[in-house]
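The listed protein sequences derive, respectively, from chains A and B.
Here my numbering is used: the first residue of the first sequence is 1, the next is one more, and so on.
Here my numbering is used: the first residue of the second sequence is 1, the next is one more, and so on.
Simulated from the structure, these hints should not be mistaken for laboratory data.
Careful, some of the hints might be misleading.
Unchecked claim - Simulated crosslink set (DSS-like; lysine-lysine; CA at most 30 Å straight-line):
1) A/LYS88 - B/LYS92
2) B/LYS16 - A/LYS16
3) A/LYS147 - B/LYS92
4) A/LYS147 - B/LYS88
5) A/LYS16 - B/LYS267
6) A/LYS92 - B/LYS147
Said to hold, decoys possible - Using C-beta positions, here's what the derived DEER-type ranges look like:
7) A/VAL268 - B/GLU390: 30 to 38 Å
8) B/GLU385 - A/LYS237: 43 to 51 Å
9) B/ARG72 - A/ASN9: 30 to 38 Å
10) A/ASP172 - B/ARG72: 52 to 60 Å
11) B/GLU382 - A/THR167: 39 to 47 Å
12) B/PRO81 - A/GLU233: 30 to 38 Å
13) B/ILE313 - A/LEU334: 56 to 64 Å
14) A/ASN9 - B/CYS379: 36 to 44 Å
15) B/THR10 - A/ASN67: 38 to 46 Å
Just so you know, even glycine gets a beta-carbon here, dropped at the ideal spot from N, CA and C.
There are 2 protein chains.
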Amino acid sequence: MDECRPILNTGLRGFKVATSRISDVNGDIGKIIYRGYLIQDLAQKSSFEEVVYLLLYEKMPNKEELNAFEARLAAERQLAPEFIDALKTRPKDALPMDILQSGVAMLAHHDPDVRELSNEASSRMGLKLIAKFPTVMAAWDRIRNNKEPVDPLPELGHAANFLYMLTGEVPDEEVARFLDVCLVLHAEHTFNASTFAAREVASTRAHMYAAVAAAVGSLSGELHGGANVRVMEMLLKIGSIDKVEDYVKAQLDAGKVIFGLGHAVYKVDDPRAHILAPMSKKMGERVGQPQWFDISTELEKKGKAIFKERKGIDIFTNVDFYSASLYYTMGIPLDFFTPIFAIARISGWAAHVIEEQYAGAAEKPVLYRPESEYVGDYCGPETCEFVPLEDR
Amino acid sequence: MDECRPILNTGLRGFKVATSRISDVNGDIGKIIYRGYLIQDLAQKSSFEEVVYLLLYEKMPNKEELNAFEARLAAERQLAPEFIDALKTRPKDALPMDILQSGVAMLAHHDPDVRELSNEASSRMGLKLIAKFPTVMAAWDRIRNNKEPVDPLPELGHAANFLYMLTGEVPDEEVARFLDVCLVLHAEHTFNASTFAAREVASTRAHMYAAVAAAVGSLSGELHGGANVRVMEMLLKIGSIDKVEDYVKAQLDAGKVIFGLGHAVYKVDDPRAHILAPMSKKMGERVGQPQWFDISTELEKKGKAIFKERKGIDIFTNVDFYSASLYYTMGIPLDFFTPIFAIARISGWAAHVIEEQYAGAAEKPVLYRPESEYVGDYCGPETCEFVPLEDR
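Can you build the whole structure from these sequences, using the hints too?
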């Protein structure tokens, strides 16, 4: 039970606020499951589209179901011309996550489903958002670089099509598969901050777009989705493998963290890091930049050892640690690392919004409405006497 | 203390999740205070601009401070031409709250402050949002009706200027003051769902716009900001005073609620309802439509009596009950009731975001990250065995 512990100013850490059928994370043993399935199986043996199907419809699709679903997703990738027109009005130096948040909210304007409160409408809106996220972000990267957006190619898979729209070139199969695995690994992770924000908004019966825009806002924070950017900035700053040890010591001397080491939930290595690491290695070799992976492994080794030595504690790699160098060597701009996280996580957000609003259809949804402890002491324990403006 | 009670699936009702110096609501006795001051004093003796100052800077301004602050707010009302261009690309039947959510996120694109994590930058962004909310909504109402947006008039107060931008005519002073009081009454209300959403997003260190866009999404839900619209739809449906009693009985027979009666927090009449009622009466008389106020009072009387008689419980009017007829007789379109709520509440949201990120500067902000109880039973208590696609 969660009770009998102080809750005030804890950020609700460790408190189970709701039941969910979507995923489970056991940080003690590094086990993540999506609707019953181990994340290792999903990452190594299925595609992002299969995982999206699983998250939305609660079963793994058979071949026929998957084909139909892939076709539906591909058909929803396109953006309205007015939407592209709106993107073209945006200042070119806007932060990509801010473009995504406004983009999600703008997509609502084009969709009559926002007027329907039903499981079906919510599910359709979720599917459209999953389909359109890569198009919005790729279009924005083109527009900010004074290029015309590239239309989606329906015959490409979700990950491959994103890379195609971003670069204008059909990607190598191995590279597309690396991104596909990343999307699977980032698709879902219980009540993380952005998912909780989405559920919180959905609990008022706001529609899917309104809830997902909140999640995008939450993910844009540096304590949440911004972490893999910080990891890459750190790797670039370190620059070479022989500087790792000094860097770790200097950070710890200054009381600072090593980005990508440590996580609120895990007491062992994040299982996602073990799947990402070999991809990062291969990708670095492919593009002739093996140093980022090498610095990462050295940083992991030295970081863990020095933490243990100085603080007597074990510290573990999290999901951001190896995704940073992987995205970088794939040629993804640094400020698109968090949008890629969003392109994956939208699938989990959509499942959570639907669950928040329609799971246990008989039950009335409970609106999240906590209380606060008032500690204002402006006039001592009394209310302040009102003084008219003239006499202040 | 909040502990020793089940928290699972309660929507955190009754749980104090954080300390706050911003406001206090005592639903048992109907007492609301903003930073030490009673809401009745603020509504009857000060302006919205004074209350915004109080919420942001933690004191009532003197005459000089207020003048300077009003000038700063007025100077920030204008929207960038590219922003108006973007609004013009939006489908005319978009929901106004969806326009506002996208608008908030788009404002971020124009503001270099989004790159600065500081109390000062956050405070500046809050002020800009407070200043621009009325401009965004008035511009949208003009655009959707194929009219050019009206530029703000710096010499008008916040409420009067909104009505001016909406209609193109400088409003009567009494009408402007009625709206001003409404804005004061709706400015702040502890950890309501939208404020909690804003704080949740801000806790990841996302910027002001990202957090406020989440709050707008939350407010758009019919269980939150949509309630006063439901009240007016109900009054229009009832149509005349003699139909009130039958309506109440029919609703209760069908197990349905009377909109505007009952609230999660209050066990007496919402004190805001008592301030709104006389304004609704006067406004109805001004425009020769006294019936909406009359139906409302009859509904309050009959609703309370029949509830008591049938269920043995007392039920109380909430803030939405008299604001509905007041906004309607002021000529506000029904789908702008919730945006007006937002135009007021942005002041509270801004204060909460700043408090979430910078209050107790020494303390590290705690990111809201609750847990969930996994109840997926897809393969019984075990994880599901992965079956390759070909064999499904």
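These are the hints, each one checked on the structure:
Straight-line distance between C-alpha atoms of A/LYS88 and B/LYS92 comes to about 19 Å, which keeps the hinted pair within the 30 Å bound. Of the supplied pair hints, the one linking B/LYS16 and A/LYS16 holds, its CA atoms being roughly 15 Å apart against a limit of 30 Å. For a cut-off of 30 Å, the pair hint linking A/LYS147 to B/LYS92 stands: about 28 Å separates their Cα positions. For the hint pairing A/LYS147 with B/LYS88, the CA-to-CA distance comes to about 23 Å; that is within 30 Å, so the pair holds.
For a cut-off of 30 Å, the pair hint linking A/LYS16 to B/LYS267 stands: about 29 Å separates their Cα positions. For the proposed pair A/LYS92 and B/LYS147, the alpha carbon gap of about 28 Å is at most 30 Å, so the pair holds. Range check, A/VAL268 to B/GLU390: about 33 Å between beta-carbon atoms, so the 30 to 38 Å window is met. The hinted window of 43 to 51 Å between B/GLU385 and A/LYS237 holds, with their beta carbons roughly 45 Å apart.
Between B/ARG72 and A/ASN9 the beta carbon distance is about 32 Å. The supplied range of 30 to 38 Å therefore holds. For A/ASP172 and B/ARG72, the Cβ-Cβ distance of about 55 Å falls inside the hinted range of 52 to 60 Å, so the restraint holds. Distance hint check: the CB atoms of B/GLU382 and A/THR167 are about 43 Å apart, consistent with the given range 39 to 47 Å. Checked against the hint of 30 to 38 Å, the C-beta distance between B/PRO81 and A/GLU233 comes to roughly 35 Å, which is consistent with it.
At about 58 Å, the beta-carbon gap between B/ILE313 and A/LEU334 stays in the expected band of 56 to 64 Å. For A/ASN9 and B/CYS379, the Cβ-Cβ distance of about 39 Å falls inside the hinted range of 36 to 44 Å, so the restraint holds. The given range of 38 to 46 Å is respected by B/THR10 and A/ASN67, whose C-beta atoms sit roughly 43 Å from each other.
Violated hints: none; the structure is consistent with every hint.
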